Amino acid sequence: MNGATGGTDGTGGAGGTGTIDVLVVDDDFMVARVHRAFVERVEPFRVVGVASTGEQAARAVDELHPDLVLLDLYLPDLFGLDVIPRLRTAGHDCDVMVISAAREADTVRGAVRHGVVDYLLKPFEFEDLRARLDRYAVQRGRLLATVVHGQADVDRVLAGAAVPGPAAGTLPKGMSVETAALIERTLRTAEDTLSAAECATLAGISRVSARRYLEHFHSIGRADVSLRYGAAGRPERRYRFRGHAGAGRRPGGEARAGL
726 MNGATGGTDG TGGAGGTGTI DVLVVDDDFM VARVHRAFVE RVEPFRVVGV
776 ASTGEQAARA VDELHPDLVL LDLYLPDLFG LDVIPRLRTA GHDCDVMVIS
826 AAREADTVRG AVRHGVVDYL LKPFEFEDLR ARLDRYAVQR GRLLATVVHG
876 QADVDRVLAG AAVPGPAAGT LPKGMSVETA ALIERTLRTA EDTLSAAECA
926 TLAGISRVSA RRYLEHFHSI GRADVSLRYG AAGRPERRYR FRGHAGAGRR
976 PGGEARAGL
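Using my numbering, the letters of the sequence shown map in sequence onto residues 726 to 984.
Watch out, some of these pointers could steer you wrong.
Claimed, not checked - Cβ pair distances, simulated, as ranges:
id: 1; residue 1: Y799; residue 2: V879; range: 35 to 41 Å
id: 2; residue 1: M900; residue 2: P769; range: 19 to 25 Å
id: 3; residue 1: H874; residue 2: L803; range: 41 to 47 Å
These aren't lab readings, by the way, just hints derived from the structure by calculation. Here the structure is a predicted model, which means the values were calculated and not measured. Built from N, CA and C at the ideal position, the CB exists for glycine as well.
Work out the full structure: start from the sequences and follow the hints.
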């Protein structure tokens with residue numbers, strides 16, 4: 726194992742500092758370096774270690790207790806999917822996302838049977854991985870916060886309904902589930918209201934796109950809008966995800982709008 730950093734003091738993961746700790750497993754050190762760089766560009770993920778074989782991966786999970794393993798399948802000592810039952814037998818409940826060039830239907834079915842959270846084919850671009858990490862972060866956050874009151878709550882957990890509104894097929898034409906999840910997570914993790922420009926900067930998308938998704942969330946009742954009045958010009962529209970802690974606060978100069 727090489728490049729293991731952080732996550733060894735027990736404060737990592739969503740239960741500690743709010744980060745999601747990741748182990749990258751790939752036998753090509755250059756590819757692993759690229760994957761690590763990609764992951765570390767996405768909040769709240771951090772790479773706590775890199776492994777190049779199945780044995781190293783198993784040891785790294787024992788030592789680092791990551792929340793998520795990015796697992797290549799073509800490893801020099803083990804087929805990647807064979808690593809997963811070893812982790813479960815050892816009592817580890819980390820999630821696994823396959824990142825591989827393996828396109829065989831049997832392999833994909835096997836990955837599903839092993840409970841992987843996603844399957845990304847190589848080669849891919851940064852945006853491809855970011856969309857999946859964002860979706861995973863939303864799913865993880867919802868699952869950790871789930872309180873089961875009845876069958877409907879159980880059904881939502883089993884269905885993995887990460888973004889019940891937009892992801893359920895209600896998005897207008899031209900909008901993507903991945904970007905909707907990204908905007909939702911950006912709003913949910915914001916300490917205060919966000920303007921479209923601020924949201925765009927945090928999410929890494931254009932202001933026009935951010936505004937479109939924010940207005941959609943407002944139109945379906947999932948985001949609140951307030952107006953912040955400046956010294957001159959039109960008031961600035963600011964957004965907060967409905968139900969966000971402290972949503973009732975109204976910083977100076979803000980007033981509720983269109984609710």
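*Is it true that H874 and L803 lie within 41 to 47 Å of each other by Cβ?*
The hinted range 41 to 47 Å holds for H874 and L803, with Cβ atoms some 42 Å apart.
*CB of M900 to CB of P769, is that within 19 to 25 Å?*
Holds, since M900 and P769 (Cβ atoms, about 24 Å apart) stay within the stated range.
_Given the hint of 35 to 41 Å, is the C-beta distance from Y799 to V879 inside that range or not?_
Since the Cβ atoms of Y799 and V879 sit about 37 Å apart, the hinted range of 35 to 41 Å holds.
Violated hints are absent here; each numbered hint is respected by the structure.
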